[in-house]
Amino acid sequence: MAEAYLTQSPRTAWRVYDGEAVILCPDSSTLNTLNAVGTLIWESADGKTPASAIVARICEEFDVDPERARRDIADFIAKLSARGLLTVSETIRQAP
Amino acid sequence: MAELSIGIAGLRAAVVTQDPKVARVVRDRFKGFDSSGPADWRIEISLPPGSLPSSGDVVVKRDGVPARFSVNRHDFTGTVDVGERTADVMLTQAHDVSEEVSIESFWRILYSLALVEAHGLVVHAASLVRDGRAYLFSGRSGSGKTTVARLSTDATLLSDELSIVRMTKGSAVCFGTPFRGELALAGEDRAAPLVGMYFLRHGDRHAVQALGPGQALARLLPNVLFFAREADVTAAVFRIAADLVETVPCFDLSFRPDPGFWEVIVNG
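The listed protein sequences derive, respectively, from chains A and B.
Residues in the first sequence are numbered consecutively from 4, following the numbering used here.
Residues in the second sequence are numbered consecutively from 78, following the numbering used here.
Warning: the hint list may mix true and false statements.
[What the hints assert, rightly or not] Facing chain A, a subset of chain B residues (Cβ under 10 angstroms, in silico):
#: 1; residue: A287
#: 2; residue: G289
#: 3; residue: P290
#: 4; residue: T311
No lab work stands behind these hints: they were computed from the structure.
We put the CB at the ideal spot given by N, CA and C, even for glycine.
Isolated chain A (complex conformation):
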């Protein structure tokens, strides 16, 4: 299975408060607040960290099994991609 790389949309603005990311959705001007797992994924979505490494970090930091972590990350990608907050590619994002 091909590796996936997550990249935050450069159009977003966000801050982390008490371990939870608060993200402004650029198109609807609505706020999205992520839980701790979502925040870990979001902060790792730099276009360079493979999804498999993010799954490993989730397993390590939240004591969950890899299958559950993979489901979490798949749900996360689907939701945030639909809101225009995240893109996914099979290659590392090159610096602009």
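Chain A is fixed; fit chain B onto it per the hints.
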């Protein structure tokens, strides 16, 4: 031709108009906010004869170049260039809106754009100064902004409707504005350090509850006056709002209509 100088929240504007009626309206509406010294902005206001075709609700969008925005409503059409610090507006003589309302409405939108560069926001909020310190009370229509202002007879009114806050050197300053709500009174042209932001709701007792920055940001953003939808400028507004809630203590304030809410604020 008339040229007037109006200063709000530390931004001075030279207002130019050929129309004596417009000059009179600006002079009356912004009474107490006339200023002197070099202008930061130049605003041209015209009142052409006859009515012009125009849109309904407020539409603010980028107009060809990154720093310029078109600003349209059914009673005015204009542009705001935050790079050149110029604005122009034509009043379209809508039969249902006075020139006074049209000019003030355009001014509010102009300031919402101009303040981003100055690290400031226009907020739906009453604001008051007590003992040299500013308190801001935010909420939508009906939340109690005017009530709070009316009950605060020992405080200086900065606004009962739209307040301006600017972040400077890591602290927040609240400014008086001429933008008036139900109280029909302009605020005073003065500034004070902002020491608390309170998000209003009616209740049967006075109570404050501290908010974390994330909660406060979720309360504040819907009350920020801002119409442009371009991602880069909305992101800039988000960052100013985030800096604000990280700097100023924020609270939910439940209150009933008597001045006792000040006790829970001061003692809380």
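Tell me, in ascending order, the numbers of any earlier hints that this structure violates. The structure conflicts with hint 1 only, although it agrees with all the remaining ones.
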